[in-house]
Amino acid sequence: MTVISMNSVHTPVAPQDGAQPMVSFRDVHKSFGALEVLKGIDLDVMPGQVAALIGRSGSGKSTALRCINGLEKINGGELTVCGRNLRARDFELRELRKEVGIVFQSYNLFPHLTVEQNVTLAPRKVNGLDAAESRALAAEVLEQVGLSDKALSYPEQLSGGQQQRVAIARSLAMRPKLMLFDEVTSALDPELTGEVLRVIGKLAAGGMTMVLVTHEMAFARQVADLVVYMHQGRVWEAGKGTMLDDPQTVELRQFVGSGL
Amino acid sequence: MDYVFDFSFLESFRSEIISGVRLTILLTVVSILPGFALGTACAVGRLYGPRWLQTAVTIYIEAIRNTPLIIQVFWLFFGLAVLGARIGPFNAAVIALVINTGAYSAEIMRAGFQAIPKGQLEAANCLAMTRRQIFWSIQLPQAAELVYPALVSQFILMMLATSIMSQISVEELTGVGYQVQSITFRGFDVYLVIAVLYLALATMLRLCLHGAAQLAFTRLRKLRTPL
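Line order of the protein sequences matches chains A and B. Sequential numbering of the first sequence, starting at 20, is according to my numbering. Sequential numbering of the second sequence, starting at 86, is according to my numbering.
The hints are simulated quantities; they were obtained by calculation from the structure and are not laboratory data. Treat the hints with care, as some may be off.
[Unchecked claim] Sample of chain B residues at the chain A side, in silico, Cβ under 7 Å:
{"hint": "1", "residue": "Gly204"}
{"hint": "2", "residue": "Ile219"}
{"hint": "3", "residue": "Ile223"}
Even glycine gets a Cβ: it sits at the ideal position worked out from N, Cα and C.
Turn these sequences into a full structure, and let the hints guide you.
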């Protein structure tokens with residue numbers, strides 16, 4: 020487990036009355052062939068909230084996350100993201116993806132492009148930014164992740180932690196309303212994990228709405244407004260970070276106790 | 086054995102030899118890019134096209150790769166003439182070289198496209214990029230870079246294969262060589278010179294393609310990665 024210290028303290032955002040959730044799962048089902056991975060998920064993430072999905076491998080947490088930006092299609096129930104119903108007939112996946120950023124465990128940077136080009140490719144192609152605008156944008160987001168001096172480097176010249184921070188900057192450059200993080204530190208050693216978590220913590224403190232799948236329990240407890248323990252394709256327990264100190268179910272008690 | 090070399094034909098057939106070299110270069114230059122473009126299009130069709138297109142492309146590739154180039158040339162030149170379509174020897178040669186190189190480079194490029202990790206395409210999709218944008222900005226540059234050494238070999242093979250075009254009276258370097266030796270009876274000296282000229286042409290082509298790679302693949306140039 021990685022212990023990190025953050026300069027900025029994140030104040031949990033309480034769901035406000037009347038505000039629309041940024042992400043809303045209603046009895047969501049998802050199967051891969053005969054295997055039902057999500058067995059009726061209900062979950063709301065309000066604007067400004069940070070939700071951490073935790074649980075064992077195979078509990079469905081990554082699948083749930085991938086459903087949010089349409090990487091997996093749901094088979095049943097309702098899923099609304101940024102006010103768009105993913106099952107509506109006029110649903111436009113690309114329009115949703117302009118508003119939802121995602122960062123993967125394996126970085127998935129474009130190796131033939133510099134850091135700056137990685138960051139500005141989509142803003143130029145998708146949002147039509149010109150050269151000057153995109154350079155300014157790159158400078159801004161790379162500053163946010165602490166990599167201003169690496170703009171002209173290539174991914175292969177960076178450490179894993181730096182590559183992952185570039186991937187975060189690449190998502191931020193699209194100015195997303197919602198960020199998804201899929202086990203983004205699982206391939207990193209504790210030191211590099213720390214530098215990536217600090218960047219995510221800073222984003223959370225800045226008010227970014229985020230859903231993250233993580234194995235970093237200390238981080239989840241510290242940063243998340245909502246911790247969601249998933250087990251066998253269901254939301255088993257959900258609440259504030261403190262619920263990890265006082266599990267209500269045997270499964271969560273065992274999971275927390277296993278020291279993951 | 087006291088063989089006396091006689092290279093005097095270099096002087097007497099100078100203009101023929103130069104025109105032969107020119108024609109060989111011309112055939113190569115006009116066939117490489119269309120052949121590469123056709124091959125890339127076929128690779129894309131075979132990987133991502135609808136079922137019927139995949140089948141059509143596969144039939145084309147296998148038909149070309151499993152028949153001799155000279156038969157393809159004869160079929161285009163003599164065969165089509167029988168049907169009343171006279172396309173001329175130079176055009177027949179270029180078309181044959183393009184469809185031949187297209188088939189081989191299709192398979193080379195397919196390997197390149199398949200070698201790109203799926204995660205990159207997923208990430209690009211998640212950045213709201215369109216299929217077309219992903220192809221031009223991410224897939225094509227990387228695929229070409231990954232298989233570039235194989236492409237260079239293929240293009241040089243194609244250049245050397247222009248030597249059979251004298252069979253349909255395209256008087257490229259080999260054709261000129263045959264004429265010169267049939268007049269001078271200095272086959273040993275003549276074909277030695279022709280071989281050296283091919284070697285020089287192939288080396289030049291390799292250098293040109295290397296230069297093109299330095300321009301096209303910025304990362305390799307900046308990181309000084311050998312191709």
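Status of the hints after comparison with the structure:
For Gly204 of chain B, the suggested interface contact is upheld, since its CB lies about 4 Å from the closest CB of chain A, less than 7 Å. The beta carbon of Ile219 of chain B comes no nearer than 9 Å to any beta carbon in chain A, farther than 7 Å, and the hint placing it at the interface is violated. Because the smallest distance between the Cβ of Ile223 of chain B and any Cβ of chain A comes to about 6 Å, under 7 Å, the interface hint for this residue holds.
Hint violations for this structure: number 2 only, all remaining hints satisfied.
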